[in-house]
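Model the placement of chains B and C with the ligands on the given structure of chain A, informed by the hints.
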Amino acid sequence: MLDSLLQFLITGVTVGSTYALVGLGFAIIYNASDVVNFAQGEFVMIGAMVAISLLGAGTPFPLALLLAVMATVAVGLVLEALAVEPARGAPVVTLVIITIGASILLRGVALLVWGKDFHAMPHFSGDAPLHLGSATLLPQNLWVMGGTAALVLAVRQFFRRTSAGKALLACSCNRTAAQLMGINVRRMMLLAYGLSAALGAVAGLLVAPITFTSYDSGVMLGLKGFSAAILGGMGNPMGAVAGGLLLGVLESLSAGLISSGYKDAIAFVVVLLVLFLRPSGLFGKGAVERA
Amino acid sequence: MHMRKRFFGLILGAGVLAAGSSFAADPIRIGTFLTVTGPASFLGDPELRTLQMYVEELNARGGVLGRKLELVHYDTVGQAKEAVTFVKRLIQNDKVDVIVGGSSTGDTMAAIPEVEKAGIPLISLAGGVEIVEPVKKWVFKTPHTDRMAAIRIFEDMKKRGIRKFALISGDGGYDKSGRKQVLELAPSHGLEVVADESYGNKDTDMTTQLTKIRATDAQAILNFGFGAAPAIVTRNVRQLGITLPVYQSHGVGSKKFIEMAGEAAEGVRLPAAALVVAEQLADSDPQKKVLLDYKAKFQAKHGEVSTFGGHAYDGFFIAVEAIQRAGGTDPARVRDEIEKTRGFVGTAGVFHMSPQDHMGLSVDAFKMVEVRKGNWVIID
Amino acid sequence: MPSTEAALLQVEGLCSHYGPVRVLSHVSLAVRAGELVAIVGANGAGKSTLLRSLSAVQPKSGGTVRFDGRDISRLPAHRVVAAGVCHVPEGRQVFAPLSVEDNLRLGAYLHRQERAWVERELDRVYTLFPILGERRAQLAGTLSGGQQQMLSIGRALLGRPRLLLLDEPSMGLAPLLVEEIFRVVRELNRSGVTVLLVEQNARAALAIADRGYVLETGRVVLSAAASELLADEGVRRAYLGR
Ligand SMILES: Nc1ncnc2c1ncn2[C@@H]1O[C@H](COP(=O)(O)OP(=O)(O)OP(=O)(O)O)[C@@H](O)[C@H]1O
Ligand SMILES: [Mg+2]
Chain A
55 MLDSLLQFLI
65 TGVTVGSTYA
75 LVGLGFAIIY
85 NASDVVNFAQ
95 GEFVMIGAMV
105 AISLLGAGTP
115 FPLALLLAVM
125 ATVAVGLVLE
135 ALAVEPARGA
145 PVVTLVIITI
155 GASILLRGVA
165 LLVWGKDFHA
175 MPHFSGDAPL
185 HLGSATLLPQ
195 NLWVMGGTAA
205 LVLAVRQFFR
215 RTSAGKALLA
225 CSCNRTAAQL
235 MGINVRRMML
245 LAYGLSAALG
255 AVAGLLVAPI
265 TFTSYDSGVM
275 LGLKGFSAAI
285 LGGMGNPMGA
295 VAGGLLLGVL
305 ESLSAGLISS
315 GYKDAIAFVV
325 VLLVLFLRPS
335 GLFGKGAVER
345 A
Chain B
7 MHMRKRFFGL
17 ILGAGVLAAG
27 SSFAADPIRI
37 GTFLTVTGPA
47 SFLGDPELRT
57 LQMYVEELNA
67 RGGVLGRKLE
77 LVHYDTVGQA
87 KEAVTFVKRL
97 IQNDKVDVIV
107 GGSSTGDTMA
117 AIPEVEKAGI
127 PLISLAGGVE
137 IVEPVKKWVF
147 KTPHTDRMAA
157 IRIFEDMKKR
167 GIRKFALISG
177 DGGYDKSGRK
187 QVLELAPSHG
197 LEVVADESYG
207 NKDTDMTTQL
217 TKIRATDAQA
227 ILNFGFGAAP
237 AIVTRNVRQL
247 GITLPVYQSH
257 GVGSKKFIEM
267 AGEAAEGVRL
277 PAAALVVAEQ
287 LADSDPQKKV
297 LLDYKAKFQA
307 KHGEVSTFGG
317 HAYDGFFIAV
327 EAIQRAGGTD
337 PARVRDEIEK
347 TRGFVGTAGV
357 FHMSPQDHMG
367 LSVDAFKMVE
377 VRKGNWVIID
Chain C
18 MPSTEAALLQ
28 VEGLCSHYGP
38 VRVLSHVSLA
48 VRAGELVAIV
58 GANGAGKSTL
68 LRSLSAVQPK
78 SGGTVRFDGR
88 DISRLPAHRV
98 VAAGVCHVPE
108 GRQVFAPLSV
118 EDNLRLGAYL
128 HRQERAWVER
138 ELDRVYTLFP
148 ILGERRAQLA
158 GTLSGGQQQM
168 LSIGRALLGR
178 PRLLLLDEPS
188 MGLAPLLVEE
198 IFRVVRELNR
208 SGVTVLLVEQ
218 NARAALAIAD
228 RGYVLETGRV
238 VLSAAASELL
248 ADEGVRRAYL
258 GR
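Protein chains in written order, with this note's numbering: chain A, 55 to 345; chain B, 7 to 386; chain C, 18 to 259.
Excised from the complex, chain A in its bound form (with noise of 0.2 Å):
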């Protein structure tokens, strides 16, 4: 039994790592621009589907994660640009059904370019099996919980220590006062945006092995970390990410321990429970500070 709940334990941390990360970016954009941007997800499919690509072509494999990761900035940056950018000021509803349309539009261009057929990645450092007691992990689960880690400290540190990250944090939490510090707001949101595209390159990276990758595999993806977002208090990238990890452990745990038929069921409901008790999130706004 014990054993099992390690095994289960692995596999929450895991998948919750994921969570973990599209999570991050959802928090990253609401909080620079209260705009939840739908098409998260589709950056974690984006980030997969270059590098897989360009891999199928025979670009070696860490210059093929890099121009994943930059391809996606791109994308990123070209949907601030040209679809949100241009609606400054509309309602807020207005902004979220751009970043639906927006998704959309990216599942459509993945179909097109990429097929329906799932695609494979190589895992990153072979896939032969590591044993701990008698639960079994991959490396590539070592990768995403290790590289989530990293990505989360270095977005804990970029708010808490560079300049760039508090002028961040200033435009999240006063725009107008932001620009009167002679912060290039602009910038600041095309830096948000590209920042939440390469976390979820990242992201997107890191499961690609274990997962296979589809045209529409960021959907799933996007309502888990949105999940994530709002279970963590939407405006918190920490809360963000302690909510995917809690996420991915409670999926598992119910599965392994209750029912699998029933394990997002129990996953929504405890999402429920705790923002019927909680309404700003477990780490929302005015609880801490943000970052």
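Hints are computed from structural coordinates only; laboratory data are not their basis.
In silico SDA-like pairs for lysine to any residue, Cα to Cα no more than 20 Å straight-line:
1) Lys307/B with Leu165/A
2) Lys170/A with Ser260/B
3) Lys307/B with Arg55/B
4) Lys170/A with Thr43/B
5) Lys170/A with Gly206/B
6) Lys379/B with Asp181/A
7) Lys301/B with Asp171/A
8) Lys294/B with Val283/B
9) Lys262/B with Leu109/A
10) Lys262/B with Ser107/A
11) Lys261/B with Gly273/B
12) Lys307/B with Val167/A
13) Lys379/B with Pro176/A
14) Lys165/B with Thr249/B
Positioned in the frame of chain A, the structure of chains B and C with the ligands alone reads:
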């Protein structure tokens, strides 16, 4: 086989009479409603392409009975409500003579009351047993059923001395229907289902469910699933160090599965449609030529074939040959002729329909295959 | 009137609209280097809109703004700040979830490379407002209104202003604090910062100002030396509550 020759002979004759593209009489209208776009487009897309391809081909050869074929198509996007509307329109406005379609069981079931009321023959391309059981006067279908797949798997398990197995399935319609058949039929085959796990079709990791299965005394694992999930299950099984035999359903019968699951796919068994292993069939197998022809034609135009397109091939030619035999498009006579289809060699198998059986395939239409060295090998 | 040559800020025919509603009509004014100029006017006269148009956080629909002889009418807000125009907005607008010190450092965003200067300037602000030094690690949102106003001014000072735009620094403050704030504003001006001060508290503003403009429904209706305005019968009746 012989029927096929006669059929092409007739077409040729008709072509000469019709002299090129000038058709004498009214066209023969074939209606169809498929999920060409949307989440289940993997069904409707190859089905529609197949229908279009053969309508074009037959028309180029002079049509059928000297009449041009006309395909009337609606895209249901997988919405059963739309299916009803479209079938009504096919019958009332487009005045089709026969309907080949319904990509999914849901779409087909929704359409059945309309065709039964209007008295227009319908040949469904969907898998569900309930389409033809109980038998409905005007309704037929061409694909194998998940029940046949389950039975084929059970037979193989018994041969290997397996008595207890674990079931893991997804949350899609295909998965759920398969799961139901497995749970219903296993006891009567002397098999015990010791675990019944499920996962979301978009889930990315099934190790939790498989860890639970590992703790049971199952002697094999059966996964009823579709898309990427079965490949993930297969990889997770090996990752957890589970050495039990793994069975998949006919839903993964494509090269893509092997490609995705990689080495973990080695030894996986499943009941596959003959199309998947066409090249490996014995030359004496009547299906071989039909399959290779269809494959070559489809791939020349559209890329990789799927069994779904094959179902459309079967439905289309069963309809055309019935019209041929009926000597016209009187719905009642066409229906009777469809029911009299005997020995039609299609992609799914050799069809023998009867008043009691509106599908006409037997369990051995499925070939039991195993993955060996990255390829499907027929073992039974 | 000051001559064009000597003016640090020269505004000519400035117009601003909210949608179809014109809020500023052809406002012209000038501020010479070293001056403290007050703009007084009733509620809704357009004082804040004027400052917001000057610092370009609000679009202008006409007119020109010259700063130090250079046309800055079309610069985006962050470039206006870079030119040396720092704006302490109405309602203080501190970054509530950030610490006092982070707020101040954000004020120096454009000068962040000049580390030594920033540290010196921080010290200067902490000397000017000792309470901010005591609370440097506290979140800005937890400060009192008066402290937030000090923070807002301090933050603007770190932007190295050549012209400081102050929008109602006394708003909502207790009389003692109001006095304190005005004392600091005058001190800043004496130390060489040119100030354009917007106030509803016209008496206090004109008391420390060199000159003043009276704004009424988006138009400049009067401009004179502060002492003259204080003595003007019309102004007294309309804005000084007598
Ligand atoms: N965002 C806005 N949209 C529409 N009208 C506005 C907006 N902001 C201000 N106004 C209008 O513009 C006019 C000028 O407003 P402004 O804030 O510049 O006045 P003010 O002189 O600063 O007043 P107060 O003393 O209240 O600060 C007012 O009539 C106000 O109602
Ligand atoms: Mg105002």
